[in-house]
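Asks: As a plain string of letters, each chain reads:
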Amino acid sequence: MFDSKVIQMILIGIKDTLYMTLVSTALGYVLGLPFGIILNVTRKDGLIPNRVIYGIGDFICNIIRSVPFLILLILLIPFTRLIVGKSYGSTATIVPLVVCAAPYIARVVESSLNEVDAGVIEAAKAMGASNIQIILKVLLVEARVSLFNGAVITTGILLGYSAMSGTVGGGGLGDIAVRYGYYRWQTDIMIVTVILLIVIFQIIQNVGNKLTIKIDHRKR
Amino acid sequence: MEEVLKIEHLHKRFENINVLEDISLSIKKGETVVIIGPSGCGKSTLLRSIIGLESIEEGKVLFEGTSINPLDKKDIKIRQKIGMVFQSYDLFPHKTILENVILAPVKVQKRKKSEVIEEAEKLLERVGLISKKDNYPRQLSGGQKQRVAIVRALIMHPEVLLFDEVTAALDPEMVREVLDVILDLSKQKRTMLIVTHEMAFAKAAADRIIFMDGGNIVEESIPEEFFNDPKTERAKKFLKTFEFEKEKE
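Top line first, the protein sequences correspond to chains L and H. Just so you know, we're using numbering that gives the first Met the number 0 here: the first sequence kicks off at 0 and counts up by one. Just so you know, we're using numbering that gives the first Met the number 0 here: the second sequence kicks off at 0 and counts up by one.
Source of the hints: derived by calculation from the structure; they are not laboratory data. Nothing here was measured: the structure is a model prediction, and the numbers come from that model. Check before you lean on any hint, since a few could be wrong.
[Claimed, not checked] Under the rule of at most 25 angstroms between Cα atoms (straight-line distance), these lysine to any residue pairs were calculated in the SDA-like manner:
(1) K112(H) x I214(L)
(2) K136(L) x L97(H)
(3) K94(H) x M163(L)
(4) K94(H) x D133(H)
(5) K111(H) x V140(L)
(6) K109(H) x S129(L)
(7) K106(H) x R217(L)
(8) K94(H) x L135(L)
(9) K136(L) x K111(H)
(10) K27(H) x K236(H)
(11) K106(H) x N130(L)
(12) K188(H) x V126(H)
(13) K94(H) x L46(L)
(14) K136(L) x K109(H)
(15) K230(H) x A203(H)
(16) K85(L) x V167(L)
(17) K121(H) x K202(H)
(18) K106(H) x S129(L)
(19) K28(H) x N68(H)
(20) K112(H) x I129(H)
(21) K94(H) x N130(L)
(22) K76(H) x S25(H)
(23) K106(H) x K85(L)
(24) K202(H) x K236(H)
(25) K4(L) x M163(L)
(26) K106(H) x P33(L)
All chains should be modelled from the sequences, with the hints used to inform the complete structure.
Replies: Listed below in structure tokens is the structure:
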């Protein structure tokens, strides 16, 4: 059953899963981090309150977040084709993963930045720091533990979502689990892929937790 | 003497409550002015309005003769000339003591890092905290944190220093070490506006006492006069609340 061909396939599956998860998290942050910063600073009690900008951002965020990921995968097929050229495979899956992750990340970033002590921000204002300086040197630095934690959680969620994309030919371990485990009744392969997903998830979470402690200077 | 800071007819409202009503005062160069008064009388709001942390409804804040609009971005340069120390220290928890002190002069004032570090170390030495420079705020006591916060304000070379109840959150023993630093600054003829509840300190440090109540300046005089012979009934009543021993006798 587990001949070299299957093992080869599973190894590629692991590689594809990691590729999808990490690249979509990274690209998700490229979009989500600035989005989250904008949401945070334009809030009513933010650095530069702006009802219109916050309202629009809030609305976009909620709309995308209310669409179930599986539906988003299908809805975005034309868009994915436009960008990647095809709608199946791991690279194509990154498109809906990023679209799904960005507003989620924006929310996580928004609430992380919100945790920064208002007094510290006032101290920076009193020093004559500009808004950009406050965002870059105070907000992002002081919220880093929470931001990092959010990134770890996001990576875990995207790992799960990348597996879900297996149902529509997304590639990776989820794809293998669906094709062999579900369509072909090869339960053993399915179990192996599930165990591998659990192991990858554990590694991400544990490494994340260790790094979180390292960068936290507030307590010990 | 030259007026550094002048406040003209300042009004501040929260919702429908008048927090500050027609406040006018001026501070001369080298003068230490202490504001005292009951909680909620607007002392802190006055300081916060001066440095632009609160918007004001009416009135003017003049710094060295030029009117500043606290909320105007262009006045950020002027804001750097006014230093403020807060009750809750507000040190950056993820930065070391030295990093806390040098952040603003390096990033905001764009001064040379090596020079700033040299000055920071001198100042930390002066307040007895040079050995803590690589520690994080959580490793310091409240009094030590507050002394760092004072250094962090001083290194910006402010023309005026504002102190907002800087000892209110401290244990009695730590109050002393912080007040000694401020008293020292007063002797150096720094221009300072201090809000405090420490009457003995007010007496020792102030060139002038301002007594506030209900958003108004009720009385303004030199410390000897204010503490020994207050003019208004309100001030008499306020000062009485600090006299425990007499009442017991």
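Asks: All hints, please: hold or fail.
Replies: To see whether the hints hold, each was checked on the structure:
1. Using a Cα cut-off of 25 angstroms, the hinted pair K112(H) and I214(L) holds, with the two alpha carbons roughly 24 angstroms apart.
2. Between K136(L) and L97(H) the alpha-carbon distance is near 15 angstroms, which keeps this suggested pair within the 25 angstroms criterion.
3. Proximity of K94(H) to M163(L) is assessed by CA-CA distance (about 41 angstroms); at most 25 angstroms being required, the pair is judged violated.
4. Of the supplied pair hints, the one linking K94(H) and D133(H) holds, its CA atoms being roughly 9 angstroms apart against a limit of 25 angstroms.
5. For the hint linking K111(H) to V140(L), the alpha-carbon distance of about 22 angstroms falls within 25 angstroms, and the restraint holds.
6. A hinted pair counts as satisfied when its Cα atoms are at most 25 angstroms apart, and K109(H) with S129(L) qualifies at roughly 13 angstroms.
7. Between K106(H) and R217(L) the alpha-carbon distance is near 23 angstroms, which keeps this suggested pair within the 25 angstroms criterion.
8. Straight-line distance between C-alpha atoms of K94(H) and L135(L) comes to about 14 angstroms, which keeps the hinted pair within the 25 angstroms bound.
9. With a C-alpha separation of about 17 angstroms, the suggested pairing of K136(L) with K111(H) holds against the 25 angstroms cut-off.
10. Of the pairs offered as hints, the one joining K27(H) and K236(H) is violated, with about 29 angstroms between alpha carbons and a cut-off of 25 angstroms exceeded.
11. For the hint pairing K106(H) with N130(L), the CA-to-CA distance comes to about 12 angstroms; that is within 25 angstroms, so the pair holds.
12. Pair hint K188(H) plus V126(H) holds up; C-alpha atoms about 17 angstroms apart against a cutoff of 25 angstroms.
13. For the proposed pair K94(H) and L46(L), the alpha carbon gap of about 21 angstroms is at most 25 angstroms, so the pair holds.
14. Of the pairs offered as hints, the one joining K136(L) and K109(H) holds, with about 14 angstroms between alpha carbons and a cut-off of 25 angstroms not exceeded.
15. Of the supplied pair hints, the one linking K230(H) and A203(H) holds, its CA atoms being roughly 20 angstroms apart against a limit of 25 angstroms.
16. Simply put, K85(L) and V167(L) have alpha-carbon atoms about 12 angstroms apart, close enough for the 25 angstroms limit, and the pair holds.
17. Note on K121(H) and K202(H): the hinted pairing is violated, with a Cα-Cα distance of about 29 angstroms set against a maximum of 25 angstroms.
18. Using a Cα cut-off of 25 angstroms, the hinted pair K106(H) and S129(L) holds, with the two alpha carbons roughly 10 angstroms apart.
19. Proposed proximity of K28(H) and N68(H) is supported: the alpha carbons are some 21 angstroms apart, at most 25 angstroms.
20. Distance hint between K112(H) and I129(H) is fulfilled; the C-alpha atoms sit about 18 angstroms from each other, no more than 25 angstroms.
21. Between K94(H) and N130(L) the alpha-carbon distance is near 19 angstroms, which keeps this suggested pair within the 25 angstroms criterion.
22. Note on K76(H) and S25(H): the hinted pairing holds, with a Cα-Cα distance of about 21 angstroms set against a maximum of 25 angstroms.
23. Proposed proximity of K106(H) and K85(L) is contradicted: the alpha carbons are some 47 angstroms apart, above 25 angstroms.
24. For the given pair, K202(H) sits about 17 angstroms from K236(H) by alpha-carbon distance, which is consistent with the 25 angstroms threshold.
25. With a C-alpha separation of about 24 angstroms, the suggested pair K4(L) and M163(L) falls inside the 25 angstroms cut-off, and the hint holds.
26. Distance check on the hinted pair: K106(H) and P33(L) sit about 21 angstroms apart at the alpha-carbon level, within 25 angstroms; holds.
Violated hints, listed in ascending order, are 3, 10, 17 and 23; each of the other numbered hints is respected by the structure.
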